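There are 2 protein chains.
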Amino acid sequence: MEDLVSLLKKLPGIGRRSAERLAFHILTAPSDEALALADAIRHLKTTARYCSRCFNFAEDDLCYICTDAKRDSSKICVVEQPKDVILLESSGLYNGLYHVLMGCIDPLSGVGPDAIKMDNLLERAADDGVKEIILATNPTAAGDGTALYIAEQLAKVSIKITRLARGLASGGSLEYASRNTLADAFGGRRDMR
Amino acid sequence: MEDLVSLLKKLPGIGRRSAERLAFHILTAPSDEALALADAIRHLKTTARYCSRCFNFAEDDLCYICTDAKRDSSKICVVEQPKDVILLESSGLYNGLYHVLMGCIDPLSGVGPDAIKMDNLLERAADDGVKEIILATNPTAAGDGTALYIAEQLAKVSIKITRLARGLASGGSLEYASRNTLADAFGGRRDMR
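Residue numbers (the numbering used here), protein chains in the order written: chain A, 1 to 193; chain B, 1001 to 1193.
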């Protein structure tokens, strides 16, 4: 019991009290339920890997997005982490392919260009079918720097390279926008005609 | 004392306890301090009015922005409320003039186009020196509708009409962006070349 509590405690957002409550629940739950949880953890950890093309989570060599013929393979959306793929997928806004960098360039933390999956992206961008690369790294200093680096690396490839729009968050109000957001909103203002 | 407490209670964010604490502070504060507060309230309420040109707060007929020769009079930034002017001014990002609508069109609340200072804006837009009107109403349904209405009303005037950019908030992360914000970010993505 103490072993389980200390392992559960390592999960994000789970403190000692929660861990004890979870462990007690598992102790008193029907056997098949508790063992199913154990099996699911084991299954995930032994079968999950990264897609060999886009580095999204995958169960086979390629992920379910790379193997889906209905996706628009002319677009590649570049994100920092596999969890960003899950996030964008749940929005249902995008129907192209992805490329996960597995991190971002962050000189302040001593993380250089070697830490991101750039070579693979260069290879993919050289493919004739690709028409646009959408840089969807986070709107932070590190994310912006990474996007700039990628755009420079892709300078020789004659395809469209775009960056997600910056500005006011829909549904918000001017009052709660930071100075940087207001600067983006003014700088990127769009013609209404 | 009870009179003061019940008046203080009407201020936003001030409950009974806070009102009592404030009233007690005023009661025990030096006379000149308390009377200065009373005078400041009286002065503001008797001298403050709206600028006859842009409807910003003003002490005279025109506000300090409309009378400032150093401002770029070729741009007019259209906002909903006088407090938006204070907000944008404190950002130091904008050096043009303003036009305060004194509200926004909100059909769901029964507020029609007559509620905003549109006629005055049309007059100002007709001025030769004006080159751009920046619509900075809030990024809400009502603010968007108001911006659209104004753009339509200005259709005959041949000047640039822009709307503040929408998208990801600078410094944030994809993870905390709403679906609508992600839609704006994808829809408004910008070419990086």
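Honestly, the hints are just simulated from the structure, not real lab data.
Among the clues, some could well be false.
[Unchecked claim] Partial list, computed: chain A residues near chain B (C-beta under 7 Å):
{"no.": "1", "residue": "Asp84"}
{"no.": "2", "residue": "Ile86"}
{"no.": "3", "residue": "Asn95"}
{"no.": "4", "residue": "Leu108"}
{"no.": "5", "residue": "Val111"}
{"no.": "6", "residue": "Thr140"}
{"no.": "7", "residue": "Arg163"}
Values in this document were obtained by computation on a predicted structure and should not be read as measured data.
From the three backbone atoms N, C-alpha and C, an ideal C-beta is built for every residue, glycine too.
Practice prompt. Against the earlier hints, flag every one the structure doesn't satisfy and list their numbers going up.
Written response: Hint check: 2, 3, 4 and 5 fail, others pass.
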